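Asks: Sequence:
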Amino acid sequence: MSNIRITKQFSFETGHALYGYDGKCKNVHGHSYKLSVTVIGTPISDRTNVKFGMVIDFTDLKKIVKEEIVDQFDHATVFNGTTPHIELANELIVRGHHVILVEYQPTSENMVVDFSQRIIRRLPEGITLFSLKLQETESSFAEWFASDNVKSIL
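Residue numbers (the UniProt record's numbering): 1 to 154.
Hints listed in this document are in silico derivations from the structure and should not be mistaken for laboratory results. Predicted model, so just to flag it, every value in this text is computed and none were measured. Warning: the hint list may mix true and false statements.
Here are the computed lysine-lysine pairs in the DSS-like style, where the Cα-Cα straight-line distance is at most 27 Å [as the list claims (entries may be wrong)]:
#1 K133 x K26
#2 K63 x K34
#3 K133 x K151
Please take these sequences and the hints and turn them into a complete structure.
Replies: Written as C-alpha coordinates, this is what we have:
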(Lines of atoms letter the chains of each structure in order from A and count residues from 1; the text may use other names and numbers.)
(Lines give C-alpha, C1' and ligand atoms only; values in the text may rest on other atoms or scores of the structure.)
Protein backbone atom coordinates (compact mmCIF):
# COMPACT_ATOMS: atom_id res chain seq x y z
CA MET A 1 0.00 0.00 0.00
CA SER A 2 1.08 3.60 -0.59
CA ASN A 3 2.50 5.99 1.95
CA ILE A 4 0.16 8.92 2.48
CA ARG A 5 0.86 12.30 4.07
CA ILE A 6 -1.83 13.95 6.14
CA THR A 7 -1.74 17.45 7.57
CA LYS A 8 -3.55 19.11 10.46
CA GLN A 9 -3.35 22.83 11.17
CA PHE A 10 -3.35 24.56 14.55
CA SER A 11 -3.41 28.17 15.79
CA PHE A 12 -2.17 29.68 19.03
CA GLU A 13 -1.08 33.04 20.44
CA THR A 14 2.38 33.31 21.97
CA GLY A 15 4.58 36.16 23.12
CA HIS A 16 8.36 36.23 23.08
CA ALA A 17 11.41 38.48 22.99
CA LEU A 18 14.77 37.91 21.35
CA TYR A 19 17.53 38.82 23.76
CA GLY A 20 20.44 40.64 22.11
CA TYR A 21 18.64 41.05 18.79
CA ASP A 22 19.31 44.33 16.91
CA GLY A 23 15.75 44.91 15.71
CA LYS A 24 12.22 45.39 17.02
CA CYS A 25 11.93 41.75 18.10
CA LYS A 26 14.18 42.48 21.07
CA ASN A 27 11.01 43.89 22.65
CA VAL A 28 8.38 41.64 24.19
CA HIS A 29 5.69 41.09 21.55
CA GLY A 30 3.36 38.37 20.34
CA HIS A 31 2.29 36.46 17.27
CA SER A 32 -0.76 34.58 16.09
CA TYR A 33 1.12 31.43 15.15
CA LYS A 34 -0.19 28.88 12.67
CA LEU A 35 1.33 25.42 12.84
CA SER A 36 0.88 22.84 10.08
CA VAL A 37 1.81 19.30 11.11
CA THR A 38 2.30 16.70 8.37
CA VAL A 39 2.80 13.03 9.17
CA ILE A 40 3.36 10.13 6.79
CA GLY A 41 2.37 6.49 7.00
CA THR A 42 0.44 3.68 5.41
CA PRO A 43 -3.34 3.67 5.84
CA ILE A 44 -4.61 0.90 8.13
CA SER A 45 -5.62 -2.04 5.95
CA ASP A 46 -7.32 -4.16 8.61
CA ARG A 47 -11.04 -3.98 7.80
CA THR A 48 -11.92 -4.88 11.40
CA ASN A 49 -10.05 -1.84 12.76
CA VAL A 50 -12.36 1.11 13.45
CA LYS A 51 -9.71 3.35 11.89
CA PHE A 52 -9.58 1.31 8.67
CA GLY A 53 -8.25 3.45 5.80
CA MET A 54 -6.65 6.09 8.05
CA VAL A 55 -2.95 6.84 8.44
CA ILE A 56 -3.76 8.29 11.86
CA ASP A 57 -7.07 9.56 13.13
CA PHE A 58 -7.02 13.37 12.89
CA THR A 59 -8.42 13.38 16.44
CA ASP A 60 -5.40 11.40 17.68
CA LEU A 61 -2.97 13.76 15.93
CA LYS A 62 -4.86 16.73 17.35
CA LYS A 63 -4.57 15.32 20.88
CA ILE A 64 -0.78 14.95 20.57
CA VAL A 65 -0.18 18.45 19.16
CA LYS A 66 -2.66 20.08 21.52
CA GLU A 67 -1.05 18.51 24.60
CA GLU A 68 2.56 19.01 23.52
CA ILE A 69 2.35 22.46 21.94
CA VAL A 70 -0.95 24.34 21.80
CA ASP A 71 -1.99 23.89 25.43
CA GLN A 72 1.51 24.78 26.62
CA PHE A 73 2.36 27.69 24.32
CA ASP A 74 -1.03 29.35 23.81
CA HIS A 75 -1.12 32.71 25.61
CA ALA A 76 2.31 32.10 27.12
CA THR A 77 5.43 34.23 26.86
CA VAL A 78 8.62 32.43 25.85
CA PHE A 79 12.05 33.59 26.97
CA ASN A 80 15.53 32.18 26.65
CA GLY A 81 16.15 31.26 30.28
CA THR A 82 19.92 31.50 29.86
CA THR A 83 19.85 35.29 29.31
CA PRO A 84 19.08 38.31 31.49
CA HIS A 85 15.46 37.92 30.35
CA ILE A 86 15.23 35.50 33.27
CA GLU A 87 14.73 38.52 35.54
CA LEU A 88 11.71 39.69 33.52
CA ALA A 89 10.42 36.12 33.32
CA ASN A 90 10.63 35.67 37.08
CA GLU A 91 8.77 38.96 37.66
CA LEU A 92 6.00 37.89 35.28
CA ILE A 93 5.75 34.47 36.95
CA VAL A 94 5.41 36.12 40.39
CA ARG A 95 2.57 38.21 38.94
CA GLY A 96 0.76 35.10 37.72
CA HIS A 97 1.71 35.12 34.05
CA HIS A 98 2.28 31.95 32.03
CA VAL A 99 5.97 31.96 31.10
CA ILE A 100 7.95 29.26 29.33
CA LEU A 101 11.72 29.26 29.76
CA VAL A 102 13.67 27.51 27.01
CA GLU A 103 17.38 26.87 26.43
CA TYR A 104 17.32 28.51 23.01
CA GLN A 105 16.61 31.88 21.41
CA PRO A 106 12.82 31.66 20.85
CA THR A 107 12.86 32.27 17.10
CA SER A 108 10.45 30.47 14.79
CA GLU A 109 13.40 28.43 13.56
CA ASN A 110 14.28 27.15 17.02
CA MET A 111 10.67 26.72 18.10
CA VAL A 112 9.89 24.51 15.10
CA VAL A 113 12.83 22.25 16.02
CA ASP A 114 11.57 22.04 19.61
CA PHE A 115 8.05 21.25 18.37
CA SER A 116 9.35 18.50 16.08
CA GLN A 117 11.03 16.75 19.01
CA ARG A 118 7.90 17.02 21.16
CA ILE A 119 5.69 15.53 18.45
CA ILE A 120 8.08 12.76 17.34
CA ARG A 121 8.27 11.23 20.80
CA ARG A 122 4.46 10.94 20.94
CA LEU A 123 3.67 9.50 17.50
CA PRO A 124 2.48 5.90 17.35
CA GLU A 125 4.62 3.23 15.72
CA GLY A 126 4.45 3.33 11.95
CA ILE A 127 3.69 7.06 11.80
CA THR A 128 6.54 9.47 11.02
CA LEU A 129 6.66 13.23 11.30
CA PHE A 130 7.20 14.42 7.74
CA SER A 131 7.24 18.20 8.19
CA LEU A 132 6.21 21.18 10.28
CA LYS A 133 5.48 24.71 9.13
CA LEU A 134 5.37 27.39 11.82
CA GLN A 135 3.93 30.61 10.46
CA GLU A 136 4.77 33.65 12.57
CA THR A 137 3.16 36.30 10.38
CA GLU A 138 1.13 36.31 7.19
CA SER A 139 4.33 36.27 5.12
CA SER A 140 6.98 34.70 7.39
CA PHE A 141 7.42 31.10 8.45
CA ALA A 142 9.95 28.42 9.36
CA GLU A 143 9.77 24.86 8.09
CA TRP A 144 11.18 21.61 9.42
CA PHE A 145 11.43 18.51 7.19
CA ALA A 146 12.45 15.07 8.44
CA SER A 147 14.39 14.52 5.22
CA ASP A 148 16.58 17.53 6.01
CA ASN A 149 17.42 16.11 9.41
CA VAL A 150 18.54 12.57 8.58
CA LYS A 151 22.04 11.98 9.89
CA SER A 152 24.44 10.41 7.45
CA ILE A 153 25.63 6.91 8.34
CA LEU A 154 28.91 7.39 6.47
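Asks: Run every hint past the structure and note whether it holds.
Replies: Here is how each hint holds up against the structure:
1. K133 x K26: holds (23 Å)
2. K63 x K34: Judged against 27 Å, a Cα distance of about 16 Å means the pair holds.
3. K133 x K151: holds (21 Å)
In summary, the structure agrees with every hint in the numbered list given earlier.
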